[in-house]
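Protein chains in written order, with our numbering: chain A, 1 to 197; chain B, 198 to 427.
Do not take every clue at face value.
As the list claims (entries may be wrong) - With a cut-off of at most 25 Å between alpha-carbon atoms, the simulated SDA-like pairs for lysine to any residue come out as follows:
#1 172(A) - 40(A)
#2 129(A) - 195(A)
#3 84(A) - 263(B)
#4 420(B) - 40(A)
#5 84(A) - 325(B)
#6 84(A) - 21(A)
#7 84(A) - 155(A)
#8 129(A) - 175(A)
#9 172(A) - 325(B)
#10 172(A) - 186(A)
#11 420(B) - 85(A)
#12 420(B) - 34(A)
#13 84(A) - 24(A)
#14 420(B) - 28(A)
#15 420(B) - 144(A)
#16 420(B) - 325(B)
#17 84(A) - 242(B)
#18 420(B) - 21(A)
#19 129(A) - 95(A)
#20 420(B) - 183(A)
#21 172(A) - 182(A)
By construction, these hints were calculated from the structure, which means they are not laboratory data.
Here the structure is a predicted model, which means the values were calculated and not measured.
One-letter residues, chain by chain:
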Amino acid sequence: MGIISRGFSGRSREHNPELPPGQFLTEDFPVLSAGPTPRIDTDEWEFTITTETGTVHRWSWADLMALPIEDVATDIHCVTRWSKLGTSWRGVSLDTLFAGVDTSYGYTMAHSYGGYTTNVPLADLMGGKAWIAFEFDGQPLDPEHGGPARLLVPHLYFWKSAKWIRGIQMHKTDDAGFWEQNGYNIYGDPWLEQRYS
Amino acid sequence: MVSVNTETPTGRSIMIDVPGWGGNLAGQHLDLRLSAPDGYQAVRSYSIASASSGDRLELAVDRLPDGEVSPYLVDDLLPGDQLELRGPLGGWFVWRPEQTTPVQLIGGGSGIVPLIAMARAHAASGSTARFELLYSVRTPEDVFFRDEIASLASPYFAVTWVYTRRAPDGWPVPAGRVNRDVLAAATIPASDGPAVFVCGPTGFVESVADSLVALGHAAASVKTERFGGK
Numbered sequence: 001m002g003i004i005s006r007g008f009s010g011r012s013r014e015h016n017p018e019l020p021p022g023q024f025l026t027e028d029f030p031v032l033s034a035g036p037t038p039r040i041d042t043d044e045w046e047f048t049i050t051t052e053t054g055t056v057h058r059w060s061w062a063d064l065m066a067l068p069i070e071d072v073a074t075d076i077h078c079v080t081r082w083s084k085l086g087t088s089w090r091g092v093s094l095d096t097l098f099a100g101v102d103t104s105y106g107y108t109m110a111h112s113y114g115g116y117t118t119n120v121p122l123a124d125l126m127g128g129k130a131w132i133a134f135e136f137d138g139q140p141l142d143p144e145h146g147g148p149a150r151l152l153v154p155h156l157y158f159w160k161s162a163k164w165i166r167g168i169q170m171h172k173t174d175d176a177g178f179w180e181q182n183g184y185n186i187y188g189d190p191w192l193e194q195r196y197s
Numbered sequence: 198m199v200s201v202n203t204e205t206p207t208g209r210s211i212m213i214d215v216p217g218w219g220g221n222l223a224g225q226h227l228d229l230r231l232s233a234p235d236g237y238q239a240v241r242s243y244s245i246a247s248a249s250s251g252d253r254l255e256l257a258v259d260r261l262p263d264g265e266v267s268p269y270l271v272d273d274l275l276p277g278d279q280l281e282l283r284g285p286l287g288g289w290f291v292w293r294p295e296q297t298t299p300v301q302l303i304g305g306g307s308g309i310v311p312l313i314a315m316a317r318a319h320a321a322s323g324s325t326a327r328f329e330l331l332y333s334v335r336t337p338e339d340v341f342f343r344d345e346i347a348s349l350a351s352p353y354f355a356v357t358w359v360y361t362r363r364a365p366d367g368w369p370v371p372a373g374r375v376n377r378d379v380l381a382a383a384t385i386p387a388s389d390g391p392a393v394f395v396c397g398p399t400g401f402v403e404s405v406a407d408s409l410v411a412l413g414h415a416a417a418s419v420k421t422e423r424f425g426g427k
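Construct the entire structure; sequences and hints are all you get.
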């Protein structure tokens, strides 16, 4: 319990149990990128998974669209404290993409067009927990929000859902990505409020 | 909280003593937490307007119409009140006095806050790196730290004011938004390799960042900090 702020009452609202600690609900969809928005045409887009042997699994946009596509309804939580409940996406599950991938490494680094990186343990990408998402709210994903496709890992703070996803590299150790090197938590569980390092 | 100063019709700057703070880098932010007697808490992040090494820091806050924390900070907070802060936070959108590259600061509205921290750090360190600021506001009344920005002008710090809705009387340029032409005319060219920091509402930042890339700035040289928005 903190210092009581003299005269502060906040908006009287009941605590929403669907919100992780310290989060507030927004109807907006804030954009908080660290740099300019990359503009990638689906004609030139590709997604790769690269393993420790140097094997590269590659998908073009057409390849991605030919895979089983799932409807995803989920809550998302940004480390800057806004949350959106019940957002809808369409994408390809990482379980589908990793089906033919042979790796003994347990960690990954997601790489984005424009240079952004974020690390995610392999276990957090598997088991129906992550997608390459290309539609939000029934529309093609806007570049500002990571289109043409972004990684979607909603059980972690949303900086882990790398926008403009280009590829996933297998790592032997949990190496820090961009925000993780700039003060943010290596894992990022919103329910444990793992915001900062 | 030590003292406040009204900056705009909806904004004020706030000076706070934080025992043990130990200073922060220019561009960093902090988390500020308010607690109501019934246990309700609200936390929001604020960029720090100061960049000193001591225990006193300055914030500048704009009251959001539907805000939960900003109205309290702008309208209710009184000298002597206590605040809970956490930080400093952030390692990306920062400027360190050791950096010698030219720097272009581009701020929209209250986006000036981390940028003025950088301008203050630049002046305080005696840095001779070339610094330019383009500050875009809707009307002259919306300017934060007007006098101080004017006083920072030096051979190493130049300011361009842009008024998007209403310019001061007699202003040579009609009111208008920052677009590619304005940036081409009034900012350090890409060929000089500046480090660019853009801060403000997300629509402003998005438009400015796109224009900078179109003008030849390397995307990696343009750092952005966006406040809210779609």
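We went through each hint and held it up to the structure:
1. 172(A) - 40(A): violated (30 Å)
2. 129(A) - 195(A): holds (20 Å)
3. 84(A) - 263(B): holds (17 Å)
4. 420(B) - 40(A): Within the cut-off at roughly 19 Å; holds.
5. 84(A) - 325(B): violated (45 Å)
6. 84(A) - 21(A): Holds, at roughly 14 Å.
7. 84(A) - 155(A): holds (13 Å)
8. 129(A) - 175(A): holds (20 Å)
9. 172(A) - 325(B): violated (45 Å)
10. 172(A) - 186(A): Satisfied, since the Cα-Cα distance of roughly 15 Å is no more than 25 Å.
11. 420(B) - 85(A): violated (29 Å)
12. 420(B) - 34(A): Given that 25 Å is the threshold and the Cα spacing comes to 6 Å, the pair holds.
13. 84(A) - 24(A): Distance of about 9 Å is within 25 Å: holds.
14. 420(B) - 28(A): Given pair residue 420(B), residue 28(A) holds - Cα atoms ~23 Å apart, limit 25 Å.
15. 420(B) - 144(A): holds (15 Å)
16. 420(B) - 325(B): holds (21 Å)
17. 84(A) - 242(B): The hint holds at about 18 Å.
18. 420(B) - 21(A): Distance of about 29 Å is beyond 25 Å: violated.
19. 129(A) - 95(A): Cα-Cα ~9 Å, so holds.
20. 420(B) - 183(A): Roughly 16 Å separates the two Cα atoms, so the pair holds.
21. 172(A) - 182(A): holds (21 Å)
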